[in-house]
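**Student:** Given these sequences and hints, build the entire structure.
Chains A and B, in that order, give the protein sequences. Numbering follows the numbering used here, in which position 65 of the first sequence is assigned residue number 65; successive positions increment by one, without gaps. Quick note, the numbering used here runs 10000 ahead of the 1-based positions in the second sequence.
Since the hints were made in silico from the structure, they are not lab data. Hints are supplied without guarantee of correctness; some may be wrong.
Not the full set, but computed from the structure, chain B residues with beta-carbon under 7 Å of chain A [unchecked claim]:
hint, residue
1, 10002
2, 10003
3, 10005
4, 10008
5, 10038
6, 10040
7, 10055
8, 10060
9, 10103
10, 10105
11, 10126
12, 10128
13, 10179
14, 10184
We put the CB at the ideal spot given by N, CA and C, even for glycine.
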Amino acid sequence: MTAKMLLGVGGTGAKVVEAILHCCGAGLGPATLQVGFIDQDKSNGNVSRANQTLTAYMEARQNWRGDGAHHIEGSDLLLTEVSTFKRSLWTPHPDDNSSLESALGDLGGDGKLFDLLFTQEEQRLKLDIGYQARAHVGSAAMTAAIRKESDPFWVDIVNKLVAAGGGDGVDLLLVGSAFGGTGAAGFPTVARLLRRELDKKGIKKGARISGVLMLPYFGFTPPKRGETVARADELLPQTKAALRYYHDLFEREHVFDDAYLVGWNSKFELGYHNPGKGGQINPALLPELIAAVGACGFFAGEPPKQPPKERVATRVLVSARKEEHRFGWGDLPPVRDEKPNEVYAQLGRQIRFAAAWKHWQPILNRDAGVFSGSYRKRAWFKGYGLDGLDTTDAAFAGAMASMDRYVDQFAEWALTIQLLSRQSGGSAEMAFDLWDMNGFLSQPSFRKDENSPLTVPVARTLSEAAYASAFDRAVGSRAGDTPLTTAADLMRALNARPRSSRNSGLGGIVEAMHSNSAVAAGLDGGN
Amino acid sequence: MAVYNLPLEADFTHGDLKAAKIGAWRTFGSLDGLASGLPIEKRTDVAPDALKSIPDAWAQVQLVHDALFDSTHEAHDQVRAQWRALLTLFALQPTHKDDYTLSIDSFDFATTKEEEQGRAKGQGPRPTRLRSVLEELIPQGAVASEAKWSRLGVVDFIARGERFEALAMLSPVTLVAPGRRIALLDGPLPWKGGSIADPTVAGGLRRGAWTILEKYLDQLVTGLRKLGGLADRPDDREKLIGQIEAFKKDCATRKQGGGPAPEPAEIGNLAYPSPFFGMLGRTWTSGGPADLDCALTVRPRNVAASKAQFMLVDASVARALEREEHDVSVWGGATLGELADETLFADRRAAAAKKGVVLLRAEDFFADTFVRFQAGAEAEFNPDDFKRSLVPLSPLALLFFDGHSELSQSVSLEASADGVDVVLRVPLAAGKTALLRRRYGPAETIEMPAPGDLALWPNFEEKDWHWNYLRFEYNPKAELVTRFGASRELILADVAGGALDEDKAKRALEWGSGRCEVEARVTPSRSSELTGPSGETILQRIRFAAVSDSIGEHHWVPHGVEAVFFATPPSRERGSVPAGCVLVDRPASTSDDSREATVAVDFGTSNTIAFVDTVRKGLRRIAFQNRLVFPAGRNDAALPLQYADFFPMIDHDMPLPTVLKERQISGTPTDEIRAFAADPDPNLRPLPVGFTHLAFFTPRLASGSYLALSESVKNGQLKFDLKWSDSSKDRPLVRVYLRQLMLMIAAELRQSGIRTNDIQWRFSFPQAFTQDQESQFRSTLEDILKGIRDEKAEVQAALPLMVQTEAEAAAAYFAVDRDQENAGSSQLILMLDIGGGTTDFAVRLDKALIWQGSVRVAGSHFFRDYLVNNPKLVTDIDPNQMKEIEQASSERSLTTAESRRSQLVNLFVARATFHREFERAYLNHANDPVWVGLRQCAETALGGMMHYLGLVLHLLQDEHPRLRDMRSIDILFGGRGATYFKHLGGSRPSDSPLASLCRLAVERAGWAADGFAVFPVFSGQPKEEVGRGLLLADPAAGRPKTPVLLPLGLDILAQAENGRERFGPEERLERLYDAQGIEDILLDEFDAFLKGLREHAGFSIDLSSSAAQKAVRGRTLAKIGPTIRGMSRRVRDQRNPQSLEAPFTTALRCLVEQMAGPVEERNRLLGVEQLGSGR
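**Tutor:** If you want it as structure tokens, here you go:
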């Protein structure tokens, strides 16, 4: 089976990984996926959050699609079996005082080369908070740090790549940005190093290396004086230089098979700035969803059986939307060309499922004040065997908690995309036509101060009325389609007979909730 | 319209945008296109360092590639500037080799399989981590297959001993690529500003640089096009070529006019990592600083020029070039604009000086003071605006103008509201003219008397003529201080004399205004000189007068004088301040004569005469022109006397009296000058050639000028008898006299187009010279010739010196000269050239010279001395002169009255009008006793010589038997001393008193007197025979091998080897070498002569008295005896008759000396008695 690997490089790369994980949760991802992060800034908030998502995803999947008491079968929910490399995060220079100079060690007689290519400031730049928008420093430092032969993180990747030469296919996707520090530096560098490793080993088929390259799409408050991190107003000029580099690189060197480029023509205003370190937690944004869809598309494709004939140039892929100030399902590229509604169906269902979960979770959890004896009489209670469940064991609690965490992550992610998309239209407000999750908000979203990102408070639970509203309104029907089912329809369906006997524990009802959250008959992931 | 999900401008379109499907992934053709669509301000001047987003360890190289080849790239301007700067550094390195050099370190990234395998086994050296990183990420593809990323070079820049490392890299895609540190580089760079810049924008490059760059870039294009193999990046190759072409085009635009043609050059010691980069090292070079914008043109006439480079740092250069000051190159990468800062200028001037480059400001060209002349004066050669003032320029200004005419036309005066503006138009090497201006306000303008006492010799200027003399005298309290005369050549020679470049520059600046440092090197307190690089003299200075109110100096200026410089009288506050100059215009010589000349000099005892023979003008007597120049304009009647000590002041024909006058030294001359005055250096060095204190004396002999002469005589300044004096003190005077004479002759010839080196010199000397005297004479002449020839000139080997006896020369004259061809028609000819101190003889038989000889009995003995001792004769000739002579000689001073009178009479006789005046007096007073006494004296001398010649002819008959058959003889008289005998008849009458006197010879020869015809014949040009004869001689024939036969003429009793021995009159003179001590002289033969004299001259001399015996025999014995006794073994062994004097002629001279005494006194002593009435 073809191995699927995903490397998120840098903070933006992590955010895209986060989006990919959510797509995977919705059933758009591959069957398996090995995920890793690369970031020099160990405490990068984006990476941390992506890592949290990854953890939440993996825990949820472990609880719900593993061998435990509560098992879902026959559903796309948390379909992808996500794992990490030996470590989920690789930090090139873990020491606090490392610099390029220290990373390279003794220069011998090569000092002039060093001086030729790096200024003294760059040579001594402290790397503990990343490469500080100096991609070439990062490229060199990262290359110096990568021990392909000894570091488990890299050994794992290289071995899998090399294994591709033995017949097992490998799809490796790198995700990074063309701006900033770690991502910008690592995105092509890691790809080139791995590609050259393949070249050295003579492996010309079975391995696909592609990339998702994020171009500038957001803006934030300029940094205070003296700070050397990426400035939003410098992103485009820097991107331009990088693009020219990529242009030349892609022309002469086989680095990526495909490169998905995603950005936005006007900036998503984040409205704050937090200079690196753990505080850099940027909200999820629509382009990351587009990138994630592209990633899923890559993983959904088949590795080439034969090496491309004299192929050097990287295929650059871009997407377009219909209108500048409007984004709807039709603007999202498909994962598979033959399934044009797949993304709508899978993500739409996942959102509606989330609404359902936020209502049903306290019921299933039998929280005091929510679960009452009247439920015991309902058809779904008995039908899905809830009356026989031990709600006091750890498995029950774990399953409930993990799913809740996952759903919360997903809801917050989706809601954030929705909320911030409105602010992305520049002079005009953009119409976000994918979903409307306002019903998920426990209170209006708010910003604590200029150094804080937007906080999106997702309701811990949804009352019946709120749930109904949220569920019914979250996703619209696509033009010409039949009207979507409602929360009432879901209830009716649950009261009908269970759909699959392969589920166990809570799996049955959750699977039913999920499947009955579908946006329209015949538009679920299976189609 | 669809909208890309990309950060693009709203209206961004792409070729396949319409085809793009909304909500789908589609390929996009060009990331470059995408980059260009980003919504950012379109700029191309972003600093490369600001672009930090290239994710590659090789980012710098990539950025250079991207920015250079894309004119819309944000960093295009700066990267292109840096790239162009790098190519320029390569292209101009040989031209600026003194400023900087480049070096290349090669880095090899190619790992062989063996190395790789070795490393895998832990063997072999491991690359550094940096090397590994770069190898891992090494770029791909180059503009030529010959260019490899695996073999790269890092370029260092080395200047002033400091190495700027990692300036750039040799790049397989852009040839050169700036490194990250390049912006830190700060000079010295060839363009302005001293930091890295596009030279076509920065400017400040030297003129020739554009030509070099064009050629260099063209060569790169050709090289790139010729490259074989398939390039991985064919497009990049074309882009690279395009960039080079664009650079070339910009260079062509910048090129203004042609610079010097560059020479091919290589950048030395560059180790190219691969042959591909070799093209960078082949370039051209141009002639140093001369092609900088500010370079000044020095148009030299000698090699010294190439050793000095001058830059004019003045805003006028920018105006002349019609450029901004910041775009005008000066030196070392600096521009005019930058050097407006005084501190920076001072720094650069010092730095430039270390390289021998002189940075000049306008003030270096001007004097600090403007001097107007008080009424009446005018400087003849000054430009029209400055006829009544000094030209307020510094000596340094001379360097930049091609002579008087150009300088005169380049300097002008403009009146302004608060003074005057002096404007100087200075030609730049760039072909333009910078206009310098200096304003002199009232405080900087003074009025002074013109410096009248200033003269220069000669009156022409020639490159190969080094004998230029300047003489001046001034009152330092009241008059302008004359400093020195200078020319371009002089200054350049001085500058070239600097040992180091810095020294040269320092010397050059010393010639600028506001400074008197030059004079500090030629101190006025002693005789001193400036010397050139080979120790040759370029300026010599002697202060001949140094008293409180008079400073007098004499300068030798071998390189010519284009201007004479002055300073203000010294004041307490400021000392002397340079005040400009008067210009001198001495035209070049004419070329109206032939290329070569032969000069013959008859160096006589009392007179010297010289002739020249050229193809075009034939043979002629040399006459001297007045060649004195008065550049400051004073030329009044009093000057000749004032200057006579220094220069031949008037036109003067030959002959000149053989007399020198010592230069007067007033004030308190230094010991050195005193010593020189007392004993001029015989070797002519190191004391100045031409500072001879007796130079150029030509006495003023016209009536009325005797007072001055008398003064000289009184002071003992006049030196006579130069030719024969044996004293060690006087001997150098011969050299002084001859040298001066030859220099004057050379000047006359040079002025008519004949160079000193193209003169063949011929000199005569008397037969009577001893061998030592002859060889000394010859070596003296050779030394002088060495001194006055132009040894630097590349001419054919100097023509040989030729010396001949006066007798030989005179004989040649009588035999060959056309004037004389009918004079001597007999088969036998006897020639007498009677000079002042010597009479030379020659005998020709059938035209062939069979004998020659010489005696020291001549005009000074029988004529001048008689006049000295018998003043009445002088009174008869010129009563006024006699008074002066008497007055002068009556004063007691250094010399005796007699000696002074002798000198004055000598001069009296030497004057040109003497012959005519004598003739007139002779006719009136011939029978006066004192005049009779003169004739007797002269006839005694001639009769004695005839008797002696008869003896010779007698002896010659043994060798030439045909002589016995002779029935007639022509006796030819030449020389100034023979003039008197014309009064005794001549021009072939055989019965004249002169012919009668000549029969003394016939009789002593043994011929039968009856029927034997004697024809006296006089030369048509007395005194010219020897000189003309010298020119008639064939130099190739060498000296004729004539037998020297000199009979003793008297009986000598002497001790010899075998005891006492008697040497007879007919024995040869060299027999005396056998004598070891002379005991007595017998006058039998002399008595025979006196007997014949009585018969043929009509007067008798009685030597029987003891006083007479003492006067003649005793003195003869006294002269001969010591000579024989004191003869060294060496001289005896040589047995050269020339070293002795025949006793007969000694006795004759003693007799004539007595005969020349006061007439009454000598008549008593010698019993002289006129027989009959006399003639």
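**Student:** Indicate, hint by hint, whether the structure satisfies it.
**Tutor:** Comparing the hints with the structure gives:
With 7 Å as the threshold, the beta carbon of residue 10002 (chain B) comes within range of chain A, its nearest partner Cβ sitting at about 4 Å, so the hint holds. Proximity of residue 10003 (chain B) to chain A holds as hinted, the smallest CB-CB distance being about 5 Å (cut-off 7 Å). Hint status for residue 10005 (chain B): holds, given a least beta-carbon distance of 5 Å to chain A, under 7 Å. Taken as an interface hint, residue 10008 (chain B) checks out: its beta carbon lies about 5 Å from the nearest beta carbon of chain A, inside 7 Å.
With a cut of 7 Å, the hint placing residue 10038 (chain B) at the interface with chain A holds, because the nearest CB-to-CB distance is about 5 Å. Interface hint status for residue 10040 (chain B): upheld, as the beta-carbon distance to the closest one in chain A is roughly 4 Å, under 7 Å. Given the 7 Å rule on beta carbons, the hint for residue 10055 (chain B) holds: about 4 Å separates it from the nearest Cβ of chain A. Here the hint on residue 10060 (chain B) is kept, as its CB sits about 5 Å from the closest CB of chain A, short of 7 Å.
Interface hint status for residue 10103 (chain B): violated, as the beta-carbon distance to the closest one in chain A is roughly 11 Å, over 7 Å. For the restraint placing residue 10105 (chain B) at the interface with chain A, the shortest Cβ-Cβ distance is roughly 6 Å, inside the 7 Å limit, so the hint holds. Hint on residue 10126 (chain B) is violated. Least Cβ distance to chain A is approximately 10 Å, over the 7 Å limit. With a cut of 7 Å, the hint placing residue 10128 (chain B) at the interface with chain A holds, because the nearest CB-to-CB distance is about 4 Å.
A hinted interface residue such as residue 10179 (chain B) counts as satisfied when its beta carbon comes closer than 7 Å to some beta carbon of chain A; here the least separation is about 4 Å, so the hint holds. A hinted interface residue such as residue 10184 (chain B) counts as satisfied when its beta carbon comes closer than 7 Å to some beta carbon of chain A; here the least separation is about 9 Å, so the hint is violated.
Against the hints set out earlier in the document, violations occur for numbers 9, 11, 14.
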